[in-house]
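Using this note's numbering, read the sequence shown as starting at 1 and increasing by one per residue.
Do not take every clue at face value.
Here are the simulated distance ranges between beta carbons [to be verified]:
#, residue 1, residue 2, range
1, His126, Leu153, 20 to 26 Å
2, His34, Ala99, 29 to 35 Å
3, His123, Met90, 20 to 26 Å
4, Pro63, His126, 22 to 28 Å
5, His111, Asp28, 34 to 40 Å
6, Ile32, Pro63, 30 to 36 Å
7, Tyr20, Lys54, 26 to 32 Å
8, Val67, Ala12, 40 to 46 Å
For lysine to aspartate or glutamate, the following EDC-like pairs were computed, each having C-alpha atoms within a straight-line distance of at most 16 Å [said to hold, decoys possible]:
#, residue 1, residue 2
9, Lys54, Glu4
10, Lys18, Glu158
11, Lys86, Glu64
12, Lys10, Glu158
13, Lys10, Glu149
14, Lys152, Asp28
15, Lys18, Asp30
16, Lys152, Glu13
These are computed hints drawn from the structure, not numbers from a lab. Just so it is clear, CB atoms sit at the ideal spot from N, CA and C, and this is done for glycine as well.
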Amino acid sequence: MALELSANNKEAENLRFKQYLLTLPGIDVDAIVHSLNDTISRHIDCTACGNCCKSLMINVTEPEADVLAAHLQQTREGFDSQYLEKGSSMMVINAIPCAFLNENKCTVYEHRFSGCKEFPAMHLPHFNKRLFTTFMHYNRCPIIYNVVEALKLETNFEK
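Could you put together the complete structure from these sequences and hints?
Below you can see the structure in the form of structure tokens.
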């Protein structure tokens with residue numbers, strides 16, 4: 001709750017920061033974000049939080065559903081019925097929090113979906129092209145929050 005409150009108090013500042021980031025070379029921002037992520041993520045225990053698994057709707061591909069259904073020893077039809085919501089061209093998990101979350105730990109960690117593996121995506125290139133989603137999760141993910149706050153310092157952003 002402290003993270004959410006602190007994040008909400010910085011809403012106006014973060015709007016200015018997003019605009020500021022767009023004035024910087026993307027390759028330079030990526031290098032700083034990747035370095036900060038390497039340092040910060042080592043000090044954060046995701047199982048103490050679990051907010052991502054408690055609040056995100058994850059896209060699921062056919063191959064991912066096949067793998068997890070097999071791991072759970074279910075038919076694809078049974079798996080889909082129990083865990084997925086299907087649209088015209090995509091599938092998403094059908095429960096928030098995730099049905100595979102137990103005591104802030106993923107019960108299918110080795111077989112989790114790619115969206116779960118990539119989150120919070122601080123290791124990916126093109127940070128400046130993901131500002132919307134980054135700041136959408138800024139108030140729920142300690143890694144994102146701390147990387148963004150350190151990025152403000154590293155880029156000499158004037159608060």
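How the hints compare with the structure:
no.	hint	result
1	His126 to Leu153: 20 to 26 Å	holds (22 Å)
2	His34 to Ala99: 29 to 35 Å	holds (32 Å)
3	His123 to Met90: 20 to 26 Å	holds (24 Å)
4	Pro63 to His126: 22 to 28 Å	holds (25 Å)
5	His111 to Asp28: 34 to 40 Å	holds (37 Å)
6	Ile32 to Pro63: 30 to 36 Å	holds (34 Å)
7	Tyr20 to Lys54: 26 to 32 Å	holds (31 Å)
8	Val67 to Ala12: 40 to 46 Å	holds (44 Å)
9	Lys54 to Glu4	holds (14 Å)
10	Lys18 to Glu158	holds (12 Å)
11	Lys86 to Glu64	holds (14 Å)
12	Lys10 to Glu158	holds (13 Å)
13	Lys10 to Glu149	holds (10 Å)
14	Lys152 to Asp28	holds (13 Å)
15	Lys18 to Asp30	holds (14 Å)
16	Lys152 to Glu13	holds (10 Å)
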